[in-house]
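Student: Listed below are the residues making up each chain.
Protein chains: 2
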Amino acid sequence: MLKIRALISGLLLASSVSVAYAWEALPEKAPEPANNPGSADKIALGQMLYHDPRLSSTGTVSCSSCHNTMLGGEDNRANSIGVGAQKGGRSAPTVWNAAFNAVQFWDGRAATLEDQAAGPVTNPIEMGMKNWDEVINRLKSIEGYQVAFENAFGSDALTKENATKAIAAYERTLITPNSPYDKYVKGDKSALTEAQVRGMQKVEELGCTSCHSGPAFNGPGAFRKFPMYSNGGIEAQYHFGKDKGLAEVTKKADDDHFWKVPTLRNIALTAPYFHNGSVPTLELAVKVMGKSQLNKDLSNEEISDIVAFLNALTGEFPKQSMPLLPRTPGTTLTPAPL
Amino acid sequence: MLKIRALISGLLLASSVSVAYAWEALPEKAPEPANNPGSADKIALGQMLYHDPRLSSTGTVSCSSCHNTMLGGEDNRANSIGVGAQKGGRSAPTVWNAAFNAVQFWDGRAATLEDQAAGPVTNPIEMGMKNWDEVINRLKSIEGYQVAFENAFGSDALTKENATKAIAAYERTLITPNSPYDKYVKGDKSALTEAQVRGMQKVEELGCTSCHSGPAFNGPGAFRKFPMYSNGGIEAQYHFGKDKGLAEVTKKADDDHFWKVPTLRNIALTAPYFHNGSVPTLELAVKVMGKSQLNKDLSNEEISDIVAFLNALTGEFPKQSMPLLPRTPGTTLTPAPL
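From first to last, the protein sequence lines stand for chains U and V.
Residue numbering for the first sequence is 61 to 398, as defined by the working numbering.
Residue numbering for the second sequence is 61 to 398, as defined by the working numbering.
Any given hint might turn out to be false.
Said to hold, decoys possible - With a cut-off of at most 30 angstroms between alpha-carbon atoms, the simulated DSS-like pairs for lysine-lysine come out as follows: (1) U/LYS379 to V/LYS200; (2) V/LYS147 to V/LYS190; (3) U/LYS285 to U/LYS311; (4) V/LYS190 to U/LYS147; (5) U/LYS200 to V/LYS379; (6) U/LYS379 to V/LYS89; (7) V/LYS147 to U/LYS190; (8) U/LYS379 to V/LYS379; (9) U/LYS200 to V/LYS147; (10) V/LYS312 to V/LYS285; (11) V/LYS220 to U/LYS379; (12) V/LYS379 to U/LYS220; (13) V/LYS200 to U/LYS147; (14) U/LYS89 to V/LYS379; (15) V/LYS379 to V/LYS220; (16) U/LYS262 to U/LYS243; (17) V/LYS262 to V/LYS351; (18) U/LYS147 to V/LYS147; (19) U/LYS285 to U/LYS312.
Derived from the structure by calculation, the hints contain no laboratory data.
Keep in mind it's a predicted model, so treat the numbers as computed, not measured.
So here's chain U without its partners, still in its complex pose (with noise of 0.2 angstroms):
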């Protein structure tokens, strides 16, 4: 289900573009797949399996515990924790506009939101559930549950094609338009301070947008290669390549340190940064990636810039109200939690 890493052909790291830039608002709603339109049903259902701690083996780890829905859409966390403590060994990326990405996972091993779902719920370090099966099983003897699956999908609902669809509904709700620089492009030149503009020129002018373009700042195209210069003051800190990425889930070597484009939406929420958390401040992660992506060292200026320029990627949190997940009946949950 991998996307052709092969379409994107050379990268374009050009120092300066003769061409403006097309910088783009974010849409206020996100693609849907036609096999899995949204309906209010639906993604009340998905916010709710979202959010629930049952769908772990202990019953205490949700997607949310991770991917928190109250804050940047991620743990801050420089890996994540799932059940038993174990430790995840990346990151995990924010669900906040993750409908826009082109492909899910740090490695873009799912091709889809849904596919994305089924993953991290029978992962044996995150929620640890046997097998679906048994997830099935547990959401089967939640009479809620019953009920709206069935208000979602009709009869004989329940299976976890159902479920992921409706968590992959509801994750397309999750979108933060209108920041600052979305108010800016689309005309109100107020909405920047002066180092917002010179950090958005200067995003330009040094090619950041060659990968992080688009109304998400994600594309265009799936993957790109992390860290693109060997450098070995920057691997002896912060240990990038011993992640290969792509790699690791295709064992092929022109896949070695390629990865999903991340999104900048939000950004300044998501410390620590990169794949391995290892880069503390979004200061420190300008630099980073001035030296591992364009063999250059950026002026402490030209830093302070652009992180002001992606303080204006933080976008308008939707209003959710807090699901009430379907009561837990009067009896001990099937399976047990651990």
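Given chain U, work out where chain V should sit, using these hints.
Tutor: Frame of chain U, contents of chain V only:
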């Protein structure tokens, strides 16, 4: 700060009562202490703190992790799991209607919600912060909290005392009125089924209400002995006696196996049961209570009717908006999550 247990003079375990028992509906507002009146800003701040995993050493455990406001106010586990996958010794009590408890914690060691809120944050097996200075230090590094505390309490307000006041003020809003029982008591005789009415009569007749009385079925008085009757069979199976309750705090033999009387409100949602979560179903819990508190073998019919009645104590859960937690700045938290 313990309430004086001696106030509870003699247990009234009458097997029948001559004066009709005065059933009470749940108030829609909880009593407030004079030094902590609720306000919209304070409650909003409390809701944020309550749901914020950054109040734990690892950044993964919030109050709501164990006392889940999307569920029955707890975690449906025999015992809760704190930072580092450490298991607590007792089953998490529900936060719903905790405002009506005479004392807090199973062993009643906190007299108020404010006192209670201070405990788990620095408990090494719950939220694991080293001390409250560390908590306040981290909160101060989050700009949004500086603003939220100021809005709620005025300037220089980011203190432990105010944090626990805000959490308590929020918890006082977590009330579930209008259960079928409440409607019945207020005059809607169709609100309960026949089995539920029989169960209600049985609860009075057996004398359950001598401990579980008042609008939240958790009084009068704060503490009661459990188990009342030593019963080798039950002890061998459920090990209730291992934990001495109040005596673990006071170290007094007189307090052996004295416990806060838990509310029966929403009890159908909080399996498994008792302080050690050793009883998997509500049916069994009722049977055990008959044996251990009344020295009676309840019939299956009696148990079934009482369980029907207990299900009528599930109230209406207030609609809450999902809090947007004050954003982690573009830098790792201080102190950094473990």
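Student: Are the hints correct? Go through all of them and say.
Tutor: Hints versus structure:
1. At roughly 25 angstroms between alpha-carbon atoms, U/LYS379 and V/LYS200 fall within 30 angstroms of each other, so this suggested pair holds.
2. Proposed proximity of V/LYS147 and V/LYS190 is supported: the alpha carbons are some 18 angstroms apart, at most 30 angstroms.
3. Under the criterion of a C-alpha separation no larger than 30 angstroms, the hint pairing U/LYS285 with U/LYS311 is consistent with the structure, at around 15 angstroms.
4. Proposed proximity of V/LYS190 and U/LYS147 is supported: the alpha carbons are some 21 angstroms apart, at most 30 angstroms.
5. Between U/LYS200 and V/LYS379, the direct Cα distance comes to roughly 25 angstroms. Compliance with the 30 angstroms bound is thereby established for this hinted pair.
6. Distance check on the hinted pair: U/LYS379 and V/LYS89 sit about 26 angstroms apart at the alpha-carbon level, within 30 angstroms; holds.
7. With a CA separation close to 21 angstroms, the supplied pair V/LYS147 and U/LYS190 stays within the 30 angstroms bound.
8. A hinted pair counts as satisfied when its Cα atoms are at most 30 angstroms apart, and U/LYS379 with V/LYS379 qualifies at roughly 13 angstroms.
9. Restraint check for U/LYS200 and V/LYS147: the C-alpha separation of about 27 angstroms stays at or below 30 angstroms, so the hint holds.
10. Using a Cα cut-off of 30 angstroms, the hinted pair V/LYS312 and V/LYS285 holds, with the two alpha carbons roughly 14 angstroms apart.
11. Of the supplied pair hints, the one linking V/LYS220 and U/LYS379 holds, its CA atoms being roughly 29 angstroms apart against a limit of 30 angstroms.
12. At roughly 29 angstroms between alpha-carbon atoms, V/LYS379 and U/LYS220 fall within 30 angstroms of each other, so this suggested pair holds.
13. Among the hinted pairs, V/LYS200 with U/LYS147 is consistent with the structure: their alpha-carbon atoms are about 27 angstroms apart, no more than 30 angstroms.
14. Among the hinted pairs, U/LYS89 with V/LYS379 is consistent with the structure: their alpha-carbon atoms are about 26 angstroms apart, no more than 30 angstroms.
15. Taking the CA atoms of V/LYS379 and V/LYS220, the gap is near 28 angstroms; set against the 30 angstroms cutoff, the hint holds.
16. Between U/LYS262 and U/LYS243, the direct Cα distance comes to roughly 19 angstroms. Compliance with the 30 angstroms bound is thereby established for this hinted pair.
17. Restraint check for V/LYS262 and V/LYS351: satisfied, since their Cα atoms lie roughly 15 angstroms apart, inside the 30 angstroms limit.
18. Restraint check for U/LYS147 and V/LYS147: the C-alpha separation of about 18 angstroms stays at or below 30 angstroms, so the hint holds.
19. Of the supplied pair hints, the one linking U/LYS285 and U/LYS312 holds, its CA atoms being roughly 14 angstroms apart against a limit of 30 angstroms.
Hint check: no violations occur; every hint is consistent with the structure.
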